[in-house]
Amino acid sequence: MNRATRIAVIVAMAIAVLAPIGLVVYQSFLDGPFFQPKTAFTLSAYEFVLDDEDFFDALYNSAVIALGMTLIAVPVGALLAFLMTRTDLPGRRWIEPVILVPMFVSSVVLAFGFVVSLGPAGFVTLWFKGVFGFVPWYLYSKTTLIVIAGLTHVPHVFLYTSSALRSLGSDVEEAARMTGAGPLRTALTVSLPMVMPNILYAAVLVFFLGFELFGLPLVLGDPEGILVLATYLYKLTNKLGTPSYQLMAVVVVAIICIALPLVALQRFLLRAANGYVSVKGKAAAQKPVSIGVWRWPAAAMITAWLLFTVVVPISGLVLRAFVSSWGEGVNLLDVLTLAHFRELMEFPNLTRGIVNTLLIASVGGALSVGVYTMLNLAAHRWQSGWTRLMDYLVLLPRAMPGLVAGLAIFWVFLFTPFLSPLRQTMIAIWVAYTLVWLAYGMRLVSGALLQIGPELEEAGRIVGASPGRVSRDLTIPLVKVGLFSSWLLIFVTFMREYSTGVYLLAPGTEVIGSLLVSLWGTGAVDLVTALSTVNIAMIGGGLLLMSLFGKRSHG
Amino acid sequence: MAKLIIDDLHLSYGSNEILKGITATFAQGEIVALLGRSGSGKTTLLRSIAGLEEPKKGVISIGDQPVFDAAAGLNVPSEKRGLGLVFQSYALWPHKTVFENVAYGLRLRNVAKAELQQRVASVLDGVGLGHLGDRYPHQMSGGQQQRVALARALVYNPPVILLDEPLSNLDAKLREEARIWIRTLIKRMNLTAVFVTHDQVEAMAIADRIVLLDGGRIVQAGTPEQLYTEPVSLFASEFMGVNNQIKSRVQDKRGGYVRIELSGHPLWGKDRAGKGVSEDATGVIRLEQVEVVDGDGENRIPAELETSVYLGSHWEHVFRCGDQTLRAFGRPLAAGTHWLRLPPEQLWVF
Numbered sequence: 001m002n003r004a005t006r007i008a009v010i011v012a013m014a015i016a017v018l019a020p021i022g023l024v025v026y027q028s029f030l031d032g033p034f035f036q037p038k039t040a041f042t043l044s045a046y047e048f049v050l051d052d053e054d055f056f057d058a059l060y061n062s063a064v065i066a067l068g069m070t071l072i073a074v075p076v077g078a079l080l081a082f083l084m085t086r087t088d089l090p091g092r093r094w095i096e097p098v099i100l101v102p103m104f105v106s107s108v109v110l111a112f113g114f115v116v117s118l119g120p121a122g123f124v125t126l127w128f129k130g131v132f133g134f135v136p137w138y139l140y141s142k143t144t145l146i147v148i149a150g151l152t153h154v155p156h157v158f159l160y161t162s163s164a165l166r167s168l169g170s171d172v173e174e175a176a177r178m179t180g181a182g183p184l185r186t187a188l189t190v191s192l193p194m195v196m197p198n199i200l201y202a203a204v205l206v207f208f209l210g211f212e213l214f215g216l217p218l219v220l221g222d223p224e225g226i227l228v229l230a231t232y233l234y235k236l237t238n239k240l241g242t243p244s245y246q247l248m249a250v251v252v253v254a255i256i257c258i259a260l261p262l263v264a265l266q267r268f269l270l271r272a273a274n275g276y277v278s279v280k281g282k283a284a285a286q287k288p289v290s291i292g293v294w295r296w297p298a299a300a301m302i303t304a305w306l307l308f309t310v311v312v313p314i315s316g317l318v319l320r321a322f323v324s325s326w327g328e329g330v331n332l333l334d335v336l337t338l339a340h341f342r343e344l345m346e347f348p349n350l351t352r353g354i355v356n357t358l359l360i361a362s363v364g365g366a367l368s369v370g371v372y373t374m375l376n377l378a379a380h381r382w383q384s385g386w387t388r389l390m391d392y393l394v395l396l397p398r399a400m401p402g403l404v405a406g407l408a409i410f411w412v413f414l415f416t417p418f419l420s421p422l423r424q425t426m427i428a429i430w431v432a433y434t435l436v437w438l439a440y441g442m443r444l445v446s447g448a449l450l451q452i453g454p455e456l457e458e459a460g461r462i463v464g465a466s467p468g469r470v471s472r473d474l475t476i477p478l479v480k481v482g483l484f485s486s487w488l489l490i491f492v493t494f495m496r497e498y499s500t501g502v503y504l505l506a507p508g509t510e511v512i513g514s515l516l517v518s519l520w521g522t523g524a525v526d527l528v529t530a531l532s533t534v535n536i537a538m539i540g541g542g543l544l545l546m547s548l549f550g551k552r553s554h555g
Numbered sequence: 556m557a558k559l560i561i562d563d564l565h566l567s568y569g570s571n572e573i574l575k576g577i578t579a580t581f582a583q584g585e586i587v588a589l590l591g592r593s594g595s596g597k598t599t600l601l602r603s604i605a606g607l608e609e610p611k612k613g614v615i616s617i618g619d620q621p622v623f624d625a626a627a628g629l630n631v632p633s634e635k636r637g638l639g640l641v642f643q644s645y646a647l648w649p650h651k652t653v654f655e656n657v658a659y660g661l662r663l664r665n666v667a668k669a670e671l672q673q674r675v676a677s678v679l680d681g682v683g684l685g686h687l688g689d690r691y692p693h694q695m696s697g698g699q700q701q702r703v704a705l706a707r708a709l710v711y712n713p714p715v716i717l718l719d720e721p722l723s724n725l726d727a728k729l730r731e732e733a734r735i736w737i738r739t740l741i742k743r744m745n746l747t748a749v750f751v752t753h754d755q756v757e758a759m760a761i762a763d764r765i766v767l768l769d770g771g772r773i774v775q776a777g778t779p780e781q782l783y784t785e786p787v788s789l790f791a792s793e794f795m796g797v798n799n800q801i802k803s804r805v806q807d808k809r810g811g812y813v814r815i816e817l818s819g820h821p822l823w824g825k826d827r828a829g830k831g832v833s834e835d836a837t838g839v840i841r842l843e844q845v846e847v848v849d850g851d852g853e854n855r856i857p858a859e860l861e862t863s864v865y866l867g868s869h870w871e872h873v874f875r876c877g878d879q880t881l882r883a884f885g886r887p888l889a890a891g892t893h894w895l896r897l898p899p900e901q902l903w904v905f
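Chain order of the listed sequences is X and W.
Each step along the first sequence adds one to the number in our numbering, with nothing skipped, and position 65 is 65.
Each step along the second sequence adds one to the number in our numbering, with nothing skipped, and position 300 is 855.
These aren't lab readings, by the way, just hints derived from the structure by calculation.
The beta carbon of each residue, even a glycine, is placed where N, CA and C say it ideally should be.
Take the hints with a grain of salt, since some may be wrong.
[Said to hold, decoys possible] Below, simulated DMTMM-like cross-link-like pairs (lysine to aspartate or glutamate); rule was C-alpha separation at most 25 Å, straight line:
{"hint": "1", "chain 1": "W", "residue 1": "K742", "chain 2": "W", "residue 2": "D763"}
{"hint": "2", "chain 1": "X", "residue 1": "K480", "chain 2": "W", "residue 2": "E655"}
{"hint": "3", "chain 1": "W", "residue 1": "K808", "chain 2": "W", "residue 2": "D826"}
{"hint": "4", "chain 1": "W", "residue 1": "K612", "chain 2": "X", "residue 2": "E458"}
{"hint": "5", "chain 1": "W", "residue 1": "K651", "chain 2": "X", "residue 2": "D473"}
{"hint": "6", "chain 1": "W", "residue 1": "K668", "chain 2": "W", "residue 2": "D689"}
{"hint": "7", "chain 1": "W", "residue 1": "K651", "chain 2": "X", "residue 2": "E53"}
{"hint": "8", "chain 1": "W", "residue 1": "K668", "chain 2": "X", "residue 2": "D473"}
{"hint": "9", "chain 1": "W", "residue 1": "K651", "chain 2": "X", "residue 2": "D57"}
{"hint": "10", "chain 1": "W", "residue 1": "K651", "chain 2": "W", "residue 2": "E634"}
{"hint": "11", "chain 1": "W", "residue 1": "K635", "chain 2": "X", "residue 2": "D54"}
{"hint": "12", "chain 1": "W", "residue 1": "K558", "chain 2": "X", "residue 2": "E458"}
{"hint": "13", "chain 1": "W", "residue 1": "K611", "chain 2": "X", "residue 2": "D473"}
{"hint": "14", "chain 1": "W", "residue 1": "K635", "chain 2": "X", "residue 2": "D526"}
[To be verified] Partner residues aside, some chain X positions facing chain W, computed with beta carbon under 10 Å:
{"hint": "15", "residue": "A465"}
{"hint": "16", "residue": "P467"}
{"hint": "17", "residue": "L478"}
[Said to hold, decoys possible] Which bits of chain W does chain X cover? Going by a derived footprint, with three or more residues having C-beta under 8 Å, they are:
{"hint": "18", "region": "639 to 646"}
{"hint": "19", "region": "674 to 684"}
{"hint": "20", "region": "814 to 822"}
{"hint": "21", "region": "849 to 856"}
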């Protein structure tokens, strides 16, 4: 790419990132929807929201939940990472791929799973009651919400801690052992302190995700009226009867204001963590630490966690999709049925939703990877103010949870004359998805690009290729494999996305995620579980493809 | 005729000055080594010639054509300079076969298919890999990869070929062979070549001329013999060979020679830095110039044999004389005191 193209691409990205945010901020200072002719600048929306007790309740709940889930997820995730990467835990190879499942299933689907399994009339609840005569838990309390949110976010901590532990060479641990430290002392004084920056990063990430939580509190907090920021925003839509755009904008501004410093902090910590990595020892063959009889309680703990966060909700959900009724005294084998799936097929919007989801994940995902690649190439091997600007711009959409970004994109399509005909098409959905996952996708692609040494491209220039030809003939073919695996990850990510499409839901733009959210509101549990099952199956297919591909490219 | 001219080249990264005014001329058919330690600016200079770095001041011309001129705002991009560059890591494209790696430069020049086939085949033959065109780089040994890299840089007949530490990734045995065949190949094709190295033996073996760099400046330029036998500074003498150093003070000066002393014994040496009487000075003599002799005389000192190391073709002896250590090559010696002669014309005082 030459300089002019690079700058053009970066400017285009700046517009795509800044327009939605700018529109939201503008809207927040108006007294009515921005498209109405007679609107005036005012602070009344801020006054209204800051006077609303519910808002502060939601803010407080978000803070408590975020903090609580961080306190649960970080120790469990770090311990899990240590056990999986550094010890001779039995069955490590089988457990490892399953650990990440909660990350790949959409949290709203997991929440449905908890309701049908552990809710007051859930499978497990009824079974427990039948055996023991009482039920010691109540699903719809704030404590339960914190525990569930904490345990389902363990994979995030696991992912960052385990990759750091893996790149840590055995030699630093062996050095500690040689000096006379036992295995436990080595773990506590050498291994864990060395990956501390990564754990800290994961902690901030989980805290941040806690603030963004939408699916879990929507499903699990609603019955007792527990609101968090995102669900407060969602409820606000209908609070005053008419869509109160200015109030929503204020809440969005509040969410962005909280999220932005957290995003900046994450960026700072990630850099610090990466700086640490380079001083680590040689990552040669690692010898697992023997933990003796502690292997069994450790394995039991991991199994219990997996049972609770993966097996119980998902199997409950799938089971629920295949039975017509259940309750005390009902033999589940007698009530097996495919009726819910047949019913699913009778709703054109639901079948359209399934097709649309497949399309957005496959074709849309590929196009998004194309966009992320273009953006990466624009900044590739170029040190300048423009690329620094881009670094910061990428962070902005990170500060917008899917729900918020979907709303902002909806407004942009409403506001911009030449875009408004596209509002009710999948193009709007695709723009929103691409924007929401911008930072993630950019990192995936840049990871692939960083794999190729600069001299491979320089060699192309030397033998006479223009920058454009170097990209086409050398860079892109070299990262092909990396781009394909990025696409697979984006495929699964778009498949499970549920919150971004909520405000964009219209005839023609249905996707499974947003349909689930709106169906849940109508109480159509049969359809919700059937559709969730379809979603899980599709994600499972994507994950299967990923592991097959992973095996092939490693073999 | 000058093929490549570099005039007063300056380059810095931020406030860190890497090249501080390099001026050099490279003649047609000449092989020049840019020699220096890491951080001396030698690779940066090579990359500036290639157009991969942008200097802030100076001129680079290839043939008669300037390709870089800071004052005129001229900076011809790498691909338009038409040079050949062999990377230290070889930088072979892993997704292309050996044939395609070499052919790429010709494809970019829209060479017709038949001619392309023939030219790639002949250059691969030239580096002794005519039969391996279908292989991928990862299926080849390090030595073969290096030959492919060279073939890729030669195939489109560049006016100047640049080599960045071309031998550093080969093992010791292969390196010695490669020195000879690379020099033979470049000479046979009558190419102008500039190569970077930190190894003075390699520089002397391959190059017609050596440019010694330190701290972004040229210390000395000349034939290998000139650099070895007439180093202009202490740094140059240390870099080019293995020396004994005698820290002392100038006692006397006479006719281009100065007198220093080693633990009380007077030694005459060549005046190479114009130091005045009673100034601190360092005497330098190559190991192979120190002779073990029978008895006292001019420029001779007594020294205690401390230890001897057997190196196969010869012995290396370590002597002690007062608080200084002197090393010399020679035949096996008995323990005890020996007389060493340091010829005045071989003892350089800086």
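Status of the hints after comparison with the structure:
1. For a cut-off of 25 Å, the pair hint linking K742/W to D763/W stands: about 10 Å separates their Cα positions.
2. Between K480/X and E655/W the CA atoms are separated by roughly 18 Å; this keeps the pair inside 25 Å, and the hint holds.
3. Restraint check for K808/W and D826/W: satisfied, since their Cα atoms lie roughly 8 Å apart, inside the 25 Å limit.
4. Annotation: proposed proximity of K612/W to E458/X holds, straight-line Cα distance about 22 Å (limit 25 Å).
5. With a C-alpha separation of about 10 Å, the suggested pair K651/W and D473/X falls inside the 25 Å cut-off, and the hint holds.
6. Under the criterion of a C-alpha separation no larger than 25 Å, the hint pairing K668/W with D689/W is consistent with the structure, at around 17 Å.
7. Restraint check for K651/W and E53/X: not satisfied, since their Cα atoms lie roughly 66 Å apart, outside the 25 Å limit.
8. A hinted pair counts as satisfied when its Cα atoms are at most 25 Å apart, and K668/W with D473/X qualifies at roughly 18 Å.
9. Proposed proximity of K651/W and D57/X is contradicted: the alpha carbons are some 62 Å apart, above 25 Å.
10. For the hint linking K651/W to E634/W, the alpha-carbon distance of about 19 Å falls within 25 Å, and the restraint holds.
11. For a cut-off of 25 Å, the pair hint linking K635/W to D54/X is broken: about 66 Å separates their Cα positions.
12. Of the pairs offered as hints, the one joining K558/W and E458/X holds, with about 23 Å between alpha carbons and a cut-off of 25 Å not exceeded.
13. Pair hint K611/W plus D473/X does not hold up; C-alpha atoms about 31 Å apart against a cutoff of 25 Å.
14. Restraint check for K635/W and D526/X: the C-alpha separation of about 67 Å exceeds 25 Å, so the hint is violated.
15. The interface hint given for A465/X holds, since its Cβ lies 5 Å from the closest Cβ of chain W, which is under the 10 Å cut-off.
16. Hint status for P467/X relative to chain W: holds, with the closest Cβ pair at about 8 Å, below 10 Å.
17. Restraint check, L478/X versus chain W: the minimum CB separation of about 6 Å is within 10 Å; hint holds.
18. With 6 residues carrying a beta carbon less than 8 Å from a beta carbon of chain X, the region 639 to 646 of chain W meets the three-residue requirement, and the given coverage holds.
19. With 0 residues carrying a beta carbon less than 8 Å from a beta carbon of chain X, the region 674 to 684 of chain W misses the three-residue requirement, and the given coverage is violated.
20. Taking a C-beta to C-beta cut-off of 8 Å, the region 814 to 822 of chain W contributes 0 residues in contact with chain X, too few for the three needed, and the coverage statement is violated.
21. Coverage of a stretch by a chain is defined here by at least three residues with a beta carbon nearer than 8 Å to that chain's beta carbons; for the region 849 to 856 of chain W and chain X the count is 0, and the condition is violated.
Hints 7, 9, 11, 13, 14, 19, 20 and 21, counting from the list given before, are not met by this structure.
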